[in-house]
Amino acid sequence: MSDPRAHILQNIRRSLQTAPLPARPNLDENPVRPPASDWSASELAERFASELTALSGQFLTVPAAQAAEVVARLARERQTNRLLAWSLEQLPVPGLWESLRAAGLDPVTPDIPRADGRAAALDDLEPITLGLTGADAAVAETGTLVLLAGPGRPRLAAMSVRAHIALITPAQLYPTLAAWLAARPDLAEQLRARSAGLFITGPSRTADIEMTLTVGVHGPAEVIVVLLQP
Amino acid sequence: MTTSPLAFHDRIETALHNPVLQGALDRNAERRIAGRNQRFGELDDIEAVRDRGRAIRLDVLARLDEHLEHFAAQVEANGGRVHWAPTAEDARRIVLDLVRATGAAAPRVAKSKSMVSEEIHLNAALEQAGVEVVETDLGEFIIQLRGETPSHIITPAVHLRREDVSDLFHERFGMPPTRDVEAMTALAQRHLRQVYFRADVGITGVNFGVAETGTIAIVTNEGNADLSKDVPRVHIALMGLERLVPTLADLDILLRLLPRSATAQKASSYVSLVSGPRRPGEPDGPEEFHVVLVDNGRSATLGTELAEALLCIRCGACLNVCPVFREIGGHGYGAVYSGPIGSIVSPALFGAQFNELANASTLCGACRDICPVRIDIPSMLLAVRARHVRAGQPPAWLKAGLKLFALGMSVPGLYRLAQFFGGLGTRLLARQGWIRSLPPPLNAWTLRRDFPAIPAQPFRARWAQRRSNTDAGPRA
Chain A
1 MSDPRAHILQ
11 NIRRSLQTAP
21 LPARPNLDEN
31 PVRPPASDWS
41 ASELAERFAS
51 ELTALSGQFL
61 TVPAAQAAEV
71 VARLARERQT
81 NRLLAWSLEQ
91 LPVPGLWESL
101 RAAGLDPVTP
111 DIPRADGRAA
121 ALDDLEPITL
131 GLTGADAAVA
141 ETGTLVLLAG
151 PGRPRLAAMS
161 VRAHIALITP
171 AQLYPTLAAW
181 LAARPDLAEQ
191 LRARSAGLFI
201 TGPSRTADIE
211 MTLTVGVHGP
221 AEVIVVLLQP
Chain B
231 MTTSPLAFHD
241 RIETALHNPV
251 LQGALDRNAE
261 RRIAGRNQRF
271 GELDDIEAVR
281 DRGRAIRLDV
291 LARLDEHLEH
301 FAAQVEANGG
311 RVHWAPTAED
321 ARRIVLDLVR
331 ATGAAAPRVA
341 KSKSMVSEEI
351 HLNAALEQAG
361 VEVVETDLGE
371 FIIQLRGETP
381 SHIITPAVHL
391 RREDVSDLFH
401 ERFGMPPTRD
411 VEAMTALAQR
421 HLRQVYFRAD
431 VGITGVNFGV
441 AETGTIAIVT
451 NEGNADLSKD
461 VPRVHIALMG
471 LERLVPTLAD
481 LDILLRLLPR
491 SATAQKASSY
501 VSLVSGPRRP
511 GEPDGPEEFH
521 VVLVDNGRSA
531 TLGTELAEAL
541 LCIRCGACLN
551 VCPVFREIGG
561 HGYGAVYSGP
571 IGSIVSPALF
581 GAQFNELANA
591 STLCGACRDI
601 CPVRIDIPSM
611 LLAVRARHVR
621 AGQPPAWLKA
631 GLKLFALGMS
641 VPGLYRLAQF
651 FGGLGTRLLA
661 RQGWIRSLPP
671 PLNAWTLRRD
681 FPAIPAQPFR
691 ARWAQRRSNT
701 DAGPRA
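Going line by line, the protein sequences match chains A and B.
So that you can map any letter, position 216 of the first sequence is 216 in this note's numbering, and since no number is skipped, the others follow by simple counting.
Heads up: take any position in the second sequence, counting from 1, add 230, and you land on this note's numbering.
No lab work stands behind these hints: they were computed from the structure.
Hints may be right or wrong, so weigh each one.
[As the list claims (entries may be wrong)] One-sided excerpt, in silico: chain B residues whose CB lies under 7 Å from chain A:
no. : residue
1   : R284
2   : A285
3   : E442
4   : T445
5   : A497
[What the hints assert, rightly or not] Just so you have them, the derived chain B footprint on chain A, three or more residues with Cβ under 8 Å:
no. : region
6   : 3 to 10
7   : 15 to 24
8   : 141 to 155
9   : 215 to 223
Source: prediction; values computed, not measured.
For each residue, glycine too, the CB sits at the ideal point set by N, CA and C.
So that you can see chain A by itself, here it is in the shape it has in the complex:
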């Protein structure tokens, strides 16, 4: 078996000659509903908020000008001033970092070394309990945030912290994931150019012990979505 790839593909092709696969269902008779498009901006926000809060996530609507103030209050309530954050240009509020620093916060966008020093850099991030990100989309039907990785966008900001604050804008609200996919024909190209993406629906959860729901197991225990009104 010198070339396992050729071996496997050859096996598949041989099997396909005899594969007794059942007939394909007729999809024209019973089509999937097209993505909803007639939800108003306030309906989208309401549905997103109700889905997220049903999962014990939190939802706030604030004027964009108060973004720094709200983030600072959330940090104070959680008794921390260090933030694992997306870089300034990736966040939907101009000048946010300066305002956060003025409020006594210490936002950090890491650049983990690719070889030496990697472990030390990760050790430095591990204790940070609060994360701050933007988002690429917010899906109303399920209360889901969509985050794509990229320059200035540490993925750990949404995953290795205990509380994750996501700042979103009304234009980022979509009724369904299908609607967002349809609105982003460049997405396949984007996903090839970036290493990762993440759909987040509420805080992390488990029911592995006696099917008892527990929130906050490895990912954040709190997901706080802040909708910024212009």
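Position chain B against the provided structure of chain A, taking the given hints into account.
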């Protein structure tokens, strides 16, 4: 390859006499089925979504070679590496070589849940080679500490009580005995956090591979897959080679079905998309990304009457709804894949010694009705039973008995004779219409259920009587 040293009947007996397990299985079945039905009811086009999901998976299988080649080319174009593993042994060797290539003297692996890794017995192989491997899904973490295998593909520790977990954490971590599930979860969370941040390699499974973009999707609720793949320098993803969808839009369709069927959620907490290692300019993420495509019998299964089982998206709904699984649980099957679909996948991938699992079915069809991609599980269970018979595994008395039966059924006089004496005999042995015990070997039946007495007036006689009565009067 079996996960238990006991024979099938002994495993069943053990499960039936375990009251804790019986309670847990009942709770699991009732809650999961009710939740799944509620979630399906919320989507007015759910039947169309199921049809579409089935069509997507059928299209993938019908051109599996092309989709695989496309997927692999895209992964490599994105900077990932694809490894083709014809057998379980190949897959273990590939993973071990990749772990060793990190150069760590005592390599550490943070591992997220993967049924393929269970299937190829990866952990044992890694541990034997001196690699420390820690399961990070809470349920998997618990059963790894106990040296067990998963008893359910979605809730692997469903067979345990909180007291069992408390005892385990007391013994292993000195935790004071508690009934507080939150406290036990918090302890595991703190412990495993150190595992992610110390690991040289993260190993995850794959729920779906998207051929269009060379992206893998990993679905979890705990976020353990994310930390396992985002923190360590190397990410290895193990993937059964049939787990593809052509496009991102197709992924969206299957993501509507999977969490609703598996855990009664509209969406799982996390769907992680990975398309390659960390790119230039990105602040974090793994430097290496490897996809191990595991065949291990799948390409051969594609050419058999069990090919449809390869549509499976591993939601576990057929386990929850199965009256047999509900009594014996995952360990009862003694195979990595349990329940109705496991009774097909296990003999398909691991061989004839698992054919007997297909006998543990009432053929009630609940699995086919609940399957999000409408896999015809009962028909394939019959196909496995047919294999079992063709392989000459049934005992001689069964063959002789069936020959006798065939003779009786084809000669009307013999049939009436058998009916007369059978009726007489069973009525003599029965109390209030039921025979409660018989001598060996007939006690194989009465040990587990009663046998009804054959009525004095056979159906044919009653039918003839009914016909003559109704013919006399007006039709209802």
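Right, here's what the structure says about each hint:
{"no.": "1", "hint": "R284", "in the structure": "holds (6 Å)"}
{"no.": "2", "hint": "A285", "in the structure": "holds (5 Å)"}
{"no.": "3", "hint": "E442", "in the structure": "holds (6 Å)"}
{"no.": "4", "hint": "T445", "in the structure": "holds (5 Å)"}
{"no.": "5", "hint": "A497", "in the structure": "holds (4 Å)"}
{"no.": "6", "hint": "3 to 10", "in the structure": "holds (count 5)"}
{"no.": "7", "hint": "15 to 24", "in the structure": "holds (count 9)"}
{"no.": "8", "hint": "141 to 155", "in the structure": "holds (count 11)"}
{"no.": "9", "hint": "215 to 223", "in the structure": "holds (count 5)"}
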